[in-house]
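Make the complex out of the two chains shown on their own, each in a separate frame, by following the hints.
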Amino acid sequence: MDDVNLEIQTGEFVSIVGQSGAGKSTLLRLLFAEEFPTSGSVIIDGWDVTAIKPWQIPHLRRQIGVVFQDFKLISDKTAFENVAFAMEVTGEETREIKRTVPQLLKLVNLTEKSENYPWQMSGGEQQRVALARALAFKPQIILADEPTGNLDALHAWDIIQLLLKINKLGTTILLASHDEAIVNAVKKRVVTLDKGKVVRDQKTGKYAL
Amino acid sequence: MKIFAFTRAIRSGATHFWRNIWLSLAATGVMVLTLAMLSLLLIVSILGQNILKGIESKVDITVFMADDAAETAILAVKADIEGFKDVSNVVYVSKDQALSAFRDKHKENSMIAQALTELGSNPLQAALVVRADNTDAYNNINEALKSPKYERLIARVTYDDNSEIITRLSAVVKTSRKVGLAITFALAVIAVLVTFNTIRLAIYGYHREIEIMTLVGASPWFIKGPFVIEGIIAGGVASIFTLAFLYPFLRVVSPQVGAFFVDNQFSIYNWAMGNFVLIIALVGGTGVLLGAISSIIAVQRYLRAQ
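Protein chains in written order, with this note's numbering: chain S, 523 to 731; chain R, 109 to 414.
This is chain R alone, in the form it adopts within the complex (with noise of 0.2 Å):
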C-alpha cells in the first residue's frame, strides 16, 4: 500500500507538473534565478577569500642579522622561527644573495654600481624573511624575536617599521570576511524566500483542490506528496539550467577576474572544475530541498484551514 501511495505521488506530481506548464515553468524559472544568485554568491565570496589571501601573503617581516653572525646561527634561528605559532616560511637571504638583489634592482643606476665598488666590501646584512599564515601572527612573532637569546643574533626587525600598516591591513581583511559573509547571507535569505513565496502562490491556485481531497478522506502525506514531487521536479530541472549556465559563465568570466590574482594564479574556472560534484550537489541539493520544503510548507497551510 505504502510502494502504491509512493508510486501514485511521482505519476500524479509529474503529471500536474506537465498539465501546468507554464505555471510549472514559472516557478521553475524563479528557482533558476534564486540558484544562480547561490551560485554567484559561492563564486564571489571564493574570490573574494582568495584576493584577500593573496594580499595577506604579500606581507612579511624581515629580520636583518647582526653583521658579525655565523650562518649556523642564524639558520638556527631560521629553524626557531620556523617552529613558532602559525608561521607559513621563512626564507633566508644571505650576505651574497642580498648583495647580488641589490644590484640586479639597482643596475640602471651607475652611481650605486660605482658606489658599492669602492666601498669594497659588502653593506648590506643577511635577513631572514618571514611570512605567516595570517597578518595577526605577525605581532606575536615580534613578540618573539625581542627574546634576550636573539639579541646579539638579530639587527632589526622590519615589524617595527611596518606594524601599523600590518595591524591596518589585518582589519580590513577581518572585516571584508564579516561583511562579505554577512551580505552573501542576507542575499542568500532573500533568494529563498523569493522561490518560497512564488511556490507558495502557485499552490495557492491549488487550495479548492486540497480541501476536496481532504472532504474525499485523504491522508495529510497522501496529498503533500504530489506536490512534493512537483517542487522536486522544479528544482532538479531548476538545478539543470543553473548548472548549465554557470559552465559557460565560468569560462568567459574567469581570464577576466584572472587580472586580480597577478602573483598567484588562481582560476575559478580550474577552481569549479576541481570541485564540480561539490558544485552539482550544493546547486542539485539546494533546488530539490527548497522546492521540496517550501511545497510542504504550502500545502500545510491549506491542510490546517479546513
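Okay, chain S solo, but in the shape it has when bound (with noise of 0.2 Å):
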C-alpha cells in the first residue's frame, strides 16, 4: 500500500475493488492488526491500530467483525460453536450465549443447521455461520475479504443481501470484492485501488478498472 489516506464514516457501505494484488487484502488486514504499516496510522473510532501493544490485539478483534474469503471456520466445532465460541472470547455468560447464537443463526437462516459442522454444509452456508459469528460481538464494523469469492451467483447474492440487511441496522461495512457483478447491484460507495494506490473514490460509485 501507498499513500492511501481513506476516511469512513460509521455506518458506510464500502466496496472495496481493484484486481487481485490491488492491496485490497492488506487494507483490511491493516485495520484488524494483522499487518502493520511501515509509516502512516491507522485509527478506528479514535483508537491509533498501528500502535496497539500485542496483548490489546484481542480486545480489538473482539470490535470488528471478519468475514474471509474461506470462511475460517473451526472445523471441528458445529455451527452453534463456532458462533459461540466468539462470545465465549469476551467472557460473555453462557445464559446470554444459549439466548443469542440461535437468533444470530436465524438472521443468516441456518436455524436447522445448528448441530451441524462445517463439513456437513455447503460454502454458502459456511459462509452465513462465519457471518453470523461475526455479528456474535456486537460490532460497530464488518471487514468482508471476497466473501463471495468461493460461491456461486445465488449464494453470493445471499450473503451481500444480509451485508446490506446488517449495514441498515447500523453497521459500518467494508467489502472488499473483484466481483464486477456484485460491486454494481449494490450500489454505494466504491474505492477502487490499484497497485497500493487509491485511484477512484465514488459516493455510488459502479465497477470500473
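Please note that a few of the clues may not be correct.
Only part of the chain R face toward chain S is listed, based on derived beta-carbon distances under 7 Å [what the hints assert, rightly or not]:
#: 1; residue: Gly313
#: 2; residue: Glu317
#: 3; residue: Ile320
Chain R is nowhere near these chain S residues, computed Cβ spacing over 12 Å in every case [claimed, not checked]:
#: 4; residue: Val526
#: 5; residue: Thr572
#: 6; residue: Ala703
These aren't lab readings, by the way, just hints derived from the structure by calculation. We put the beta carbon where it would ideally sit given N, CA and C, even for glycine.
Shown next, in the form of C-alpha cells:
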C-alpha cells in the first residue's frame, strides 16, 4: 500500500475493488492488526491501531467482525459452537450465549443447521455461519474480504443481501471484492485500488478498472 | 469472567479430547510408554542401588587382637572404632567364639579337630569385625588403627590383605552408580522428547484452528486453556494405565529379582507398597506436567507464527 488516505464514516457501506494484488486484503488486514504499516497510521474510533500492544490485539478484534473468503470456521466445532466461541472469548455469560446464538443463526437462516459441522454444510452455509460469528460481538464494523469469492452467484447474492441488511441496522461495512456484478448491484460508495494506491473514490460508484 | 474462562477451558478440552478420541488415545498410549519407561528406570535404579549396597555390606575388615590383650582393653578399642567416621557397626568375636566358629566350620575334617584337641590351648585370636557405611571409609579406618595407642593391642588388620580388592570394588561401585545415573537420565530425556513430539504433532493438526481463534479475538491463554486441559487429561489417563500395569508387574517380577539379594532379602514389591504415595505422585505428577507443558509449548508455536 502506498500513500492511501481514506476516511470512512460510521454506518457507511464501502466496496473496495481492484484486481488481485491491488491491496484490498492488505487494507483490511491493516484494520484488524494482522499487518502493520511501515509508516502512517490507522485509526478506528479514535484508537490508533498501529500503536497497539500485542496484548490489546484480541480486544481490538472483538470489536471488528471479519468475514473471509475461505470462511475460517473451526472444523471440529458445530455451527452453534463456532458462533458461541466468538462470544466465549469475550467472557460472555453462558445464558446470554444460549439466548443470542440461535437468534444470530436465525438471522442468517441457519437455524436447522445449528448442530452441523462445517464439512456438513455448503460453502454458502459456511459463509453465513461466519457472518453470524462476525455479528456475535455486536461489532461497529464488519470487514468482508472477498466473502463471495468461493460461492456461486446465487449464494453470493444471499451473503450480500445479509450484509446490506446488517448495514441498515447501523453497522459500518467494508466489502473487498473483485466481483463486478455484485459491486454494481450494491450501488454504494466504491473505492478503487490499483497497485496499492487509491485511484478512484465515488459516492455511488460502479466497478470500473 | 475468569471463572467462565476456566470452566469453558475444561469443558472445551474434555469435548475435544472425546471428539478426537483416536488421536487422544494415541497420544495417551505414547505417554503410557513414557511413564512406564520412567517407572522402570526408577525401579531398576532402586534395585541397582540395593544390589550395590548388598555387595558393599559384604566387605568388612577384621582387627585381630594381640593374645595378651585383656577383654576390657578390647572393648575399649571397640568403643573407639565405633566412634570413627562412617563406621556402621563393630562386632566383637572373643577367642572362645572364634574357636567354636572354627570348629563348626571344619567339623567334617577330623584332622583339624584332632589337631586342635592335641594343641590343648586356643590358638585363635580375639577379633573385632568392622563394617563401614561405604567402601571408601576402610582406608581411613585402617590408618586410624595404626595409631601407637593400639600398637600393643592389635596383632593384625586384614585391610592390608584385602585393600586392593576393597579399593577396586569401591571403584566399581562408584562407576556403576555414575553410569547407571547417566543411562537413566538419557533414557528419561528420550522418553520425554518422544511424548513432547507426539503432542506437538497432535496439535499441529489444529494450527489452522488456532490461527482462526486468534482472528476471532481469543486471547493466548483462552486458546491454550483447552489444549492444556487435554494434555492434563491425557497425562492423567496415562498415569492410571501405567499404575495399573505397574502393580501386577511388580508382583510378578519381585520374587524373581529377589534372587539377587541372598542376604538382605530386599523386595521391590514391598518397597513399592511402602512408598505407594510417592510412586502415585511421581507417575501422576510427571504425566500431568508432561501433558500440560508439552501442550503449552506446542500451541505457543502457532500463536507466535501468525
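ask   = What are the numbers of the hints that this structure violates, sorted from low to high?
value = Per hint list: single violation, 1.
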